[in-house]
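**Q** Following the hints, put chain B with the ligand in place on chain A, whose structure we already have.
Chains as they are written, first to last, in full-length UniProt numbering: chain A, 1 to 436; chain B, 1 to 105.
Because the hints were derived from the structure by calculation, they are not lab data.
This one's a predicted model, so the numbers in the text were calculated from it and none came from an experiment.
Yeah, the Cβ is synthetic: ideal placement off N, Cα and C, and Gly gets one too.
Be aware that one or more of the hints could be misleading.
Unchecked claim - Footprint (simulated), chain A over chain B, 3 or more residues, beta carbon under 8 Å:
id, segment
1, 42 to 56
2, 76 to 88
3, 92 to 98
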Amino acid sequence: MSDGHDARRRALMRALAGTGLLAAAAPMPILGAQRGPRIVIAGGGFAGASCALALRRLAPAARVTLIDRQREFVTGPFCNTVVGGLNPAAAITQDHRGLAAAGVDVVHAEIEGVDPSARAAHLADGRRIAGDRLVVAPGIDFDYDALDGYGPEALDRVPAAWPGGAAALRRLHGQLQAMPEDGRVVLTVPDNPYRCPPGPYERASLIAHFLAEHKPRARVLLLDAKNHFSKEPLFRIGWDSRYPGRVEWRGRDDGARAMAIDVAGRRVHTVGGDEIAADVLNVIPPQRAGRLARDAGLADDAGWVPVNVHDFAAPGHEGVHVLGDAIRAEPMPKSAYSAHMQAQVCARAIAQALAGEPPGEAPLINACYSLVAPDYGISVTEVYRINGDRIAAVQQAGGTSALAAGPDTRRAESEYARSLYRNLVRDSFGSGAAPG
Amino acid sequence: MQSRFRLPIVLIALAVGPAQAQALAGTTDGADLAAACTGCHGPGGHSAGAVPDIAGMPVAEFERRMAAFRDGEGTIMNRLAPAYDAAATAALARYFADRPEPASP
Ligand SMILES: Cc1cc2nc3c(=O)[nH]c(=O)nc-3n(C[C@H](O)[C@H](O)[C@H](O)COP(=O)(O)OP(=O)(O)OC[C@H]3O[C@@H](n4cnc5c(N)ncnc54)[C@H](O)[C@@H]3O)c2cc1C
Numbered sequence: 001m002s003d004g005h006d007a008r009r010r011a012l013m014r015a016l017a018g019t020g021l022l023a024a025a026a027p028m029p030i031l032g033a034q035r036g037p038r039i040v041i042a043g044g045g046f047a048g049a050s051c052a053l054a055l056r057r058l059a060p061a062a063r064v065t066l067i068d069r070q071r072e073f074v075t076g077p078f079c080n081t082v083v084g085g086l087n088p089a090a091a092i093t094q095d096h097r098g099l100a101a102a103g104v105d106v107v108h109a110e111i112e113g114v115d116p117s118a119r120a121a122h123l124a125d126g127r128r129i130a131g132d133r134l135v136v137a138p139g140i141d142f143d144y145d146a147l148d149g150y151g152p153e154a155l156d157r158v159p160a161a162w163p164g165g166a167a168a169l170r171r172l173h174g175q176l177q178a179m180p181e182d183g184r185v186v187l188t189v190p191d192n193p194y195r196c197p198p199g200p201y202e203r204a205s206l207i208a209h210f211l212a213e214h215k216p217r218a219r220v221l222l223l224d225a226k227n228h229f230s231k232e233p234l235f236r237i238g239w240d241s242r243y244p245g246r247v248e249w250r251g252r253d254d255g256a257r258a259m260a261i262d263v264a265g266r267r268v269h270t271v272g273g274d275e276i277a278a279d280v281l282n283v284i285p286p287q288r289a290g291r292l293a294r295d296a297g298l299a300d301d302a303g304w305v306p307v308n309v310h311d312f313a314a315p316g317h318e319g320v321h322v323l324g325d326a327i328r329a330e331p332m333p334k335s336a337y338s339a340h341m342q343a344q345v346c347a348r349a350i351a352q353a354l355a356g357e358p359p360g361e362a363p364l365i366n367a368c369y370s371l372v373a374p375d376y377g378i379s380v381t382e383v384y385r386i387n388g389d390r391i392a393a394v395q396q397a398g399g400t401s402a403l404a405a406g407p408d409t410r411r412a413e414s415e416y417a418r419s420l421y422r423n424l425v426r427d428s429f430g431s432g433a434a435p436g
Numbered sequence: 001m002q003s004r005f006r007l008p009i010v011l012i013a014l015a016v017g018p019a020q021a022q023a024l025a026g027t028t029d030g031a032d033l034a035a036a037c038t039g040c041h042g043p044g045g046h047s048a049g050a051v052p053d054i055a056g057m058p059v060a061e062f063e064r065r066m067a068a069f070r071d072g073e074g075t076i077m078n079r080l081a082p083a084y085d086a087a088a089t090a091a092l093a094r095y096f097a098d099r100p101e102p103a104s105p
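Same shape as in the complex, but just chain A (with noise of 0.2 Å):
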């Protein structure tokens, strides 16, 4: 541990011992406190604000030390809703304050790199922060190598919004907006594995709803890179009941996979040779694990970290963890309560091993609402067990929304959806903002 913290503890001790105060003042319970284990979290979205969170409960001896370079957070759920102008981003705009009173130590800064074998994270301001654990939890890149034409320099004009912050959402609403009252919105979804499955068609669904008021002729294209999506049959019912003729889907078997994209001109080439125009594009690129996970030699050759299931710790590296979007959990989706379930497990793994206690198995949970419209919720949720060395499904449990449900079950769907938001943002940050 030789953070700017402990360096100037050290030098408090040389200072006390040479006036002999130390003895004086000898037992210092608070330097005392900071001799238990220590915990150093690299990246505070829904993973690391959750571990951190959970850690606080059930390891209350240990030091727990958030850093992020972010102070305000802007969720990737709900920001379809922004996105549609339901809402203004500053109502899923989180803080780690609430981790702060929970007594957190919260750093905000750039990380450079972490050091798994030193379990070391090594901020930009040349502050190296250590523990005894490091839990590794830094979302996903974009990988600009897989789609020719498109970089972060092309963000501005034809933005991803994957969720990118505040203002990336707010253009994204401006750019629909601005466009012609018959305009086309296209949309280009990458193949799995990607951030949030059902993302891409509640997207499409909420800016068909801004259209249907808004630009009464305009239409929204999705154009796929897969053949089948996440609660397809229920995005179908609801387009067609919501939004008929104005949401067209072409995927893989269509040739729709987006293979160039032509920034200046806001075109897509597709593998199937088309060439298709849009008057608002929204590229949404293949992924990876964060850069933080890749450069520490963490992930495997697609870019995605493999981990062990039952405490998400990363093998062969003693004492660090990696938890969200980054990790290979398949079955789990690639999801916020998924980031929070995963937190959950590592955490009491951890404040197990502290505490010599052996491990206890619980079953898992994901699940995720899709608001087609604001008054319009379908779900999916499974339920997952640790079986050997891999996470799988509860055959008995799981599933969408009824297909048959009526006007009634998708209202209520739709608040359960936004009480769920408040709930896991309160149960991974402690506190937070809420949209209506």
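**A** Using the frame of chain A, we list chain B with the ligand on its own:
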């Protein structure tokens, strides 16, 4: 701690070997089980908004509701409850019954 519930299970698991141990590895620690529920129902079962508040719910009522969900009631609980057997449901019921009633909002 509730490790006194877990310990015998681990010992049995070790005694019968790894293959059968799998089926016995499930915990009956209410806090561990509840960690899968609180993303939806809120910390300690204290919910904000439409998802029902289950903090402080009496054990018998909790078990009755879970049985109804296993029989198909609900919009989403009908897809979750079938994964929880009687022992796990009882542990969850005790855990949430022990959470204090929420402070009025
Ligand atoms: C359109 C859309 C809709 C979604 N809807 C839902 C939904 O309804 N329900 C749901 O469950 N999920 C949803 N998600 C998915 C959800 O956003 C992600 O699964 C979740 O955020 C993953 O959490 P994470 O902690 O792994 O990553 P993140 O939340 O991305 O957190 C990673 C953190 O690490 C920090 N970080 C990374 N690198 C560094 C560095 N070098 N230095 C400092 N800090 C760093 C970042 O600042 C960030 O705060 C949605 C996503 C999108 C895009």
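**Q** All the hints need checking, so say for each whether the structure fits it.
**A** Here's how the hints hold up against the structure:
1. 42 to 56: holds (count 7)
2. 76 to 88: holds (count 8)
3. 92 to 98: Per the Cβ count (0), the hint is violated.
Violated hint: 3 only; the structure is consistent with all others.
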